[in-house]
Amino acid sequence: MIGIVHPGNSIVHRTPALAKLGLLAASVTVIALVPSLAWLGAAAVVVASLFAVARIPIAIAWRQVVPILWLLAFAVPVQVLFGGWEAAAFMALRLVLAVALAAVYTLTTPVSATLDAVTTLLHPFRRWIDADRVGLALALTIRCVPLLAELVREVLEARRARGAEGSLLALAVPVIVRALRTAEHLGEALAARGVDD
Amino acid sequence: MSEIVFERVTHRFDAEPVVHDVSLVLTEHRIGIVGANGSGKSTLARMINGLVTPTAGRVTVAGLDVARQGREVRRRVGFVFTNADNQIVMPTVREDIAFTLRRHRLSAADAAARVDRALVRFGLTELADRPAHRLSGGQKQLLALAAVLVAEPAIVVADEPTTLLDARNARRIAEHFAELDQQLVVVSHQLELLESFDRVIVMESGRVVADDEPRAALAAYRSLVE
Chain A
1 MIGIVHPGNS
11 IVHRTPALAK
21 LGLLAASVTV
31 IALVPSLAWL
41 GAAAVVVASL
51 FAVARIPIAI
61 AWRQVVPILW
71 LLAFAVPVQV
81 LFGGWEAAAF
91 MALRLVLAVA
101 LAAVYTLTTP
111 VSATLDAVTT
121 LLHPFRRWID
131 ADRVGLALAL
141 TIRCVPLLAE
151 LVREVLEARR
161 ARGAEGSLLA
171 LAVPVIVRAL
181 RTAEHLGEAL
191 AARGVDD
Chain B
1 MSEIVFERVT
11 HRFDAEPVVH
21 DVSLVLTEHR
31 IGIVGANGSG
41 KSTLARMING
51 LVTPTAGRVT
61 VAGLDVARQG
71 REVRRRVGFV
81 FTNADNQIVM
91 PTVREDIAFT
101 LRRHRLSAAD
111 AAARVDRALV
121 RFGLTELADR
131 PAHRLSGGQK
141 QLLALAAVLV
151 AEPAIVVADE
161 PTTLLDARNA
171 RRIAEHFAEL
181 DQQLVVVSHQ
191 LELLESFDRV
201 IVMESGRVVA
211 DDEPRAALAA
221 YRSLVE
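These protein sequence lines map, in sequence, to chains A and B.
Read left to right, the first sequence gives residues 1 to 197 (the numbering used here).
Read left to right, the second sequence gives residues 1 to 226 (the numbering used here).
Calculated from the structure, these hints are not laboratory results.
Where a beta carbon is used, it is the ideal one built from N, C-alpha and C, also for glycine.
Worth double-checking, as some hints may not be accurate.
FRET-style restraints, in silico, Cβ to Cβ [unchecked claim]:
1. A:H185 x B:E175: 18 to 28 Å
2. B:T125 x A:H185: 20 to 30 Å
3. B:R58 x A:L71: 53 to 63 Å
4. A:A179 x B:R58: 33 to 43 Å
5. A:E184 x B:T125: 27 to 37 Å
6. B:E195 x A:A59: 43 to 53 Å
7. B:F13 x A:V53: 51 to 61 Å
Produce the complete structure using the sequences and hints provided.
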C-alpha cells in the first residue's frame, strides 16, 4: 500500500530517510548501468536481503512488485521481438529490481520522514525553490493514489448499476468531474489548514 | 470567547448574491447556522476563516480582518468539512494529525506530544499507524476534528460535519463538540445537534431571517421549510 510503512526497528528502518534516498538513487543508477546478467543476479540477492533484514513478509514484498509484472507481460514480448532475449531479460530484471528497491524505501520510511528529507535536500536552493511546497506536492501525490482508486471504483460500480459497462463516456466523464471537484475540495481544506499562508 | 463580526457583508458568485448584506456579532460559545441548500450558510461559515472573502463589507475575528490578515485568522480558526476524505492529506492517521503542525514550527518533541494527546482525546491511538483513507466515515471525521484541534485554535467552524455519518457516529461527533472549550460555529441540517447551542441563526436566500436562542430559531426554521 503506497505511503504505508511496514513497522519495524531494523537497520533499514532506522537509516535516515535522506541517506536511504541517496542510496536508492545510487543503487538504481548502478542497476541501470551494470553490463552483465550475473551482476544483476547478485543485485537481486542484495535486494532480497534488504527485504529480509527489514523483516518484510514475502506477501507484502510480492504485492509491491506485482504491478510491474503486468507491465512486463506486455513489454517483454515486444523487447524479445525487437531486441532479443538478452535485452528483454536486462530490461525486466532492471525494472523489477528498481521497483523492489523503491518498495524497500517506502515500506520502511514514513512519508513525513520523506518530506523532511526533501525539505533538507532542497534547503540550499531555498531562494528559488519552496521546499515545503515540493514536499506537499509529494504528499498529495501519494495521497491521491488511493483517493482516485476509490473514485474510479465508485464510478465503475455506478456504471454497472446503470447497465453501461462498455461505455467509456460513462467512466471518463464522472471520473474527471469528480476528480476535479475532489481537487478543489482538497485545495480548500489545505487552505483552511493554513498550508498556503 | 472571540468576537466574530460580520459588517454588512455581501458575497456574490457570478453576480448572484449568495450572502446579502449580513451584519452579525457572534460572541457566544456555541453558535448554529441552519438553512436550506443554497441559503448561503456554508459561504457565511467559510468567511470566518477566510476561505471565502466578502465582495462587500467586512468580516473580523478577534479584531483581525479576515480578508487582509488571513494567515493570522486561520491560526485562530480551525475548519471541519462535511467530507473528511477531502481533508486527509497524509497516508496514516498519526501523520495526518502531525501535518497540521508542520507550519507551526514546534520542536519535534512538542509536536509529537500534541499529536499523542489528540490521538488519545479522540480515541484514535490504536489506529495511529493505520492508513487514514481506510478508516470508517465516523473515524475519518474524528481524525478531521483531531487534525484541526491539534493546532489548538480559539474557534472551530464545522460545515455540516455529521451529514455523511450514521446516527451513532453523528452522536459521537456531537459529544466531542459538546466537550469543546473552543468557540464553535456549526452549520448543520441536523437540528437536534443545535438544540443545546447558545444561539442559532437561520439563513434564507443569503439573508438572516431568524437569529435567536435555539428553540425559537429552530421553530422559525421549521415553519420556513414546512
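Cross-check of the supplied hints:
In this structure the hint that H185 (chain A) and E175 (chain B) lie 18 to 28 Å apart at CB holds, the actual value being about 26 Å. Look at T125 (chain B) against H185 (chain A): about 28 Å separates their beta carbons, and that is inside 20 to 30 Å. Hint check: R58 (chain B) to L71 (chain A), Cβ distance near 56 Å, so the stated range 53 to 63 Å holds. A hinted range of 33 to 43 Å holds for the C-beta pair A179 (chain A) and R58 (chain B), which are about 36 Å apart.
Distance hint check for E184 (chain A) and T125 (chain B): the Cβ-Cβ separation is about 33 Å, which falls inside the suggested range of 27 to 37 Å. Checked against the given bound of 43 to 53 Å, the beta carbons of E195 (chain B) and A59 (chain A), roughly 51 Å apart, stay inside it. With their beta carbons about 57 Å apart, F13 (chain B) and V53 (chain A) fall inside the hinted range of 51 to 61 Å.
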